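**Student:** Residues per chain are reported as follows:
Protein chains: 2
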Amino acid sequence: MVNIVYIATSLDGFIADKNNELDWLHEVPNPDGSDFGFSAFMQRIDALVMGRKTFDKVAGFDCAWPYPKPVFVLSNSMTTVPQGYEDKVFLVHGELKKVVAELNDKGYNELYIDGGVTVQNFLKEDLIDEMIITTIPTILGGGIPLFGELNQPLKFKHVGSERLVDVMVKNRYVRCRNGW
Amino acid sequence: MVNIVYIATSLDGFIADKNNELDWLHEVPNPDGSDFGFSAFMQRIDALVMGRKTFDKVAGFDCAWPYPKPVFVLSNSMTTVPQGYEDKVFLVHGELKKVVAELNDKGYNELYIDGGVTVQNFLKEDLIDEMIITTIPTILGGGIPLFGELNQPLKFKHVGSERLVDVMVKNRYVRCRNGW
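Sequences listed follow chains A and B, in order.
According to numbering that gives the first Met the number 0, the stretch in the first sequence is residues 0 to 179, in order.
According to numbering that gives the first Met the number 0, the stretch in the second sequence is residues 0 to 179, in order.
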């Protein structure tokens, strides 16, 4: 049972720019059209958990739905899944620990936790086991940060780096709950 | 002529914790007493440039003065170098571009730019050419950030990673002024 963050940030730790836009993510030249390991990561996971805002953002992208695995959307206000997503998206709500336990009970053990607010909420409850962070080496100078306030520090451990198209770096960290 | 940042940050980008302390930097086990490349980096540079606050902090550490190269302290208020530092520390002030040009004229071409405020001021004027950032994989959840506001994004490029004591990662980035 592992909850994994897989996300790209700017060099200064933002997941969206000052205008809540993501264009800067796609500015890196990618002549071979690599997915930078995304589909391999998708093979690994059993399901995604994201917030309502992230769902709305992805649903609004001008491209096909990118997730071949079930997407559980955390929302206290949505009561029905938007048309067209009935076989892709499922609503969940309530305490995160309970949501995760219920998904684990159903056999969804490797969970991809997505979206800034959701990641921050999971971290607040120490529910993140692994983080795969691709750094786009742009200093944005402002935007929506990946990380937020925590009452106490959380220790992770670096387990690997991969350079992508000679520009970006993907670093992988795992949670160390008993110190390093 | 290169201005280089060489610094450690938490996984969430802080250079000091919520109490302006650095203890968390030294929590990583280091059984062989490695300096993680610091003295090799010191060999490479010609001089350091830091702010008054960083100078005070380092001067207050309970250890020998760690810099074998001249340290130029940016200060508009200090008029004399504190006793004991006369052969180590030199005061500079004024416009950063001018300060750098004057140091370059004197043969100080590889400059180590240190301290949060100074790094942010150098970045605001696009005066940083290289950044060597060691990530201590602790999420602090608050503190003094390395990066600050910028009027426009700055693109860097990842050039290398090094894992340290199986816990941390040192990533190196160089400035790309004409795009990637």
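These are calculated hints, taken from the structure and not from any lab test.
From a predicted model like this one, the values you see are computed outputs, not experimental measurements.
Glycine residues also receive a C-beta, built at the ideal position from the N, C-alpha and C atoms.
A portion of the hints provided could be inaccurate.
[As the list claims (entries may be wrong)] According to the in silico footprint, chain A covers these stretches of chain B (three or more CB under 8 Å from chain A):
#1 5-18
#2 38-50
#3 98-110
#4 165-179
[To be verified] Simulated pairs of lysine-lysine, PhoX-like, Cα-Cα distance not exceeding 25 Å:
#5 A:LYS156 to B:LYS52
#6 B:LYS169 to B:LYS123
#7 A:LYS68 to A:LYS52
#8 A:LYS154 to B:LYS96
#9 A:LYS154 to A:LYS68
#10 B:LYS52 to A:LYS169
#11 B:LYS68 to A:LYS17
#12 A:LYS87 to A:LYS68
#13 A:LYS56 to A:LYS68
#14 B:LYS17 to A:LYS156
#15 A:LYS154 to A:LYS105
#16 B:LYS105 to B:LYS154
#17 B:LYS105 to B:LYS87
#18 B:LYS123 to A:LYS17
#19 A:LYS17 to B:LYS154
#20 B:LYS68 to B:LYS56
#21 A:LYS123 to B:LYS17
#22 B:LYS68 to A:LYS156
#23 A:LYS154 to A:LYS96
#24 B:LYS169 to A:LYS169
#25 B:LYS68 to B:LYS17
#26 B:LYS156 to B:LYS96
#27 A:LYS154 to B:LYS169
#28 A:LYS68 to A:LYS97
#29 A:LYS154 to A:LYS123
#30 B:LYS96 to B:LYS123
#31 A:LYS96 to A:LYS17
#32 B:LYS154 to B:LYS123
#33 A:LYS97 to A:LYS123
#34 A:LYS105 to A:LYS87
#35 B:LYS17 to B:LYS156
#36 B:LYS68 to A:LYS169
**Student:** Give a verdict on every hint.
**Tutor:** Verification of the supplied hints:
With 5 residues having a beta carbon nearer than 8 Å to a beta carbon of chain A, the segment 5-18 of chain B meets the requirement of three or more and the stated coverage holds. Coverage of the segment 38-50 of chain B by chain A is violated in this model, with 0 residues showing a Cβ closer than 8 Å to a Cβ of that chain against a need of three. Evaluation of the coverage hint for the segment 98-110 of chain B: breached, as 0 residues show C-beta separations to chain A shorter than 8 Å, against a requirement of three. Residue count for the segment 165-179 of chain B with a Cβ under 8 Å from a Cβ of chain A: 7. That meets the three needed, and the coverage hint holds.
Our distance criterion of 25 Å between C-alpha atoms is broken by LYS156 of chain A and LYS52 of chain B, whose separation comes to about 31 Å. Of the supplied pair hints, the one linking LYS169 of chain B and LYS123 of chain B holds, its CA atoms being roughly 24 Å apart against a limit of 25 Å. Between LYS68 of chain A and LYS52 of chain A the CA atoms are separated by roughly 19 Å; this keeps the pair inside 25 Å, and the hint holds. Proximity of LYS154 of chain A to LYS96 of chain B is assessed by CA-CA distance (about 39 Å); at most 25 Å being required, the pair is judged violated.
In summary, the hint linking LYS154 of chain A to LYS68 of chain A is not supported, as the alpha carbons are separated by about 29 Å, beyond the 25 Å threshold. Distance hint between LYS52 of chain B and LYS169 of chain A is unfulfilled; the C-alpha atoms sit about 33 Å from each other, more than 25 Å. Distance check on the hinted pair: LYS68 of chain B and LYS17 of chain A sit about 39 Å apart at the alpha-carbon level, beyond 25 Å; violated. For the given pair, LYS87 of chain A sits about 7 Å from LYS68 of chain A by alpha-carbon distance, which is consistent with the 25 Å threshold.
Among the hinted pairs, LYS56 of chain A with LYS68 of chain A is consistent with the structure: their alpha-carbon atoms are about 18 Å apart, no more than 25 Å. Taking the CA atoms of LYS17 of chain B and LYS156 of chain A, the gap is about 21 Å. The hint holds against a cut of 25 Å. For the given pair, LYS154 of chain A sits about 29 Å from LYS105 of chain A by alpha-carbon distance, which is inconsistent with the 25 Å threshold. A hinted pair counts as satisfied when its Cα atoms are at most 25 Å apart, and LYS105 of chain B with LYS154 of chain B does not qualify at roughly 29 Å.
Of the pairs offered as hints, the one joining LYS105 of chain B and LYS87 of chain B holds, with about 16 Å between alpha carbons and a cut-off of 25 Å not exceeded. For the given pair, LYS123 of chain B sits about 16 Å from LYS17 of chain A by alpha-carbon distance, which is consistent with the 25 Å threshold. With a C-alpha separation of about 16 Å, the suggested pair LYS17 of chain A and LYS154 of chain B falls inside the 25 Å cut-off, and the hint holds. Of the pairs offered as hints, the one joining LYS68 of chain B and LYS56 of chain B holds, with about 18 Å between alpha carbons and a cut-off of 25 Å not exceeded.
Proximity of LYS123 of chain A to LYS17 of chain B is assessed by CA-CA distance (about 16 Å); at most 25 Å being required, the pair is judged to hold. Taking the CA atoms of LYS68 of chain B and LYS156 of chain A, the gap is about 33 Å. The hint is violated against a cut of 25 Å. Note on LYS154 of chain A and LYS96 of chain A: the hinted pairing holds, with a Cα-Cα distance of about 20 Å set against a maximum of 25 Å. Of the supplied pair hints, the one linking LYS169 of chain B and LYS169 of chain A holds, its CA atoms being roughly 13 Å apart against a limit of 25 Å.
In summary, the hint linking LYS68 of chain B to LYS17 of chain B is not supported, as the alpha carbons are separated by about 31 Å, beyond the 25 Å threshold. Restraint check for LYS156 of chain B and LYS96 of chain B: satisfied, since their Cα atoms lie roughly 23 Å apart, inside the 25 Å limit. For the given pair, LYS154 of chain A sits about 17 Å from LYS169 of chain B by alpha-carbon distance, which is consistent with the 25 Å threshold. For the hint pairing LYS68 of chain A with LYS97 of chain A, the CA-to-CA distance comes to about 21 Å; that is within 25 Å, so the pair holds.
Pair hint LYS154 of chain A plus LYS123 of chain A holds up; C-alpha atoms about 13 Å apart against a cutoff of 25 Å. Between LYS96 of chain B and LYS123 of chain B, the direct Cα distance comes to roughly 11 Å. Compliance with the 25 Å bound is thereby established for this hinted pair. Of the supplied pair hints, the one linking LYS96 of chain A and LYS17 of chain A is violated, its CA atoms being roughly 32 Å apart against a limit of 25 Å. For the hint linking LYS154 of chain B to LYS123 of chain B, the alpha-carbon distance of about 13 Å falls within 25 Å, and the restraint holds.
Restraint check for LYS97 of chain A and LYS123 of chain A: satisfied, since their Cα atoms lie roughly 15 Å apart, inside the 25 Å limit. Simply put, LYS105 of chain A and LYS87 of chain A have alpha-carbon atoms about 16 Å apart, close enough for the 25 Å limit, and the pair holds. Note on LYS17 of chain B and LYS156 of chain B: the hinted pairing is violated, with a Cα-Cα distance of about 30 Å set against a maximum of 25 Å. Distance check on the hinted pair: LYS68 of chain B and LYS169 of chain A sit about 34 Å apart at the alpha-carbon level, beyond 25 Å; violated.
Going through the hint list in order, the structure does not satisfy hints 2, 3, 5, 8, 9, 10, 11, 15, 16, 22, 25, 31, 35 and 36.
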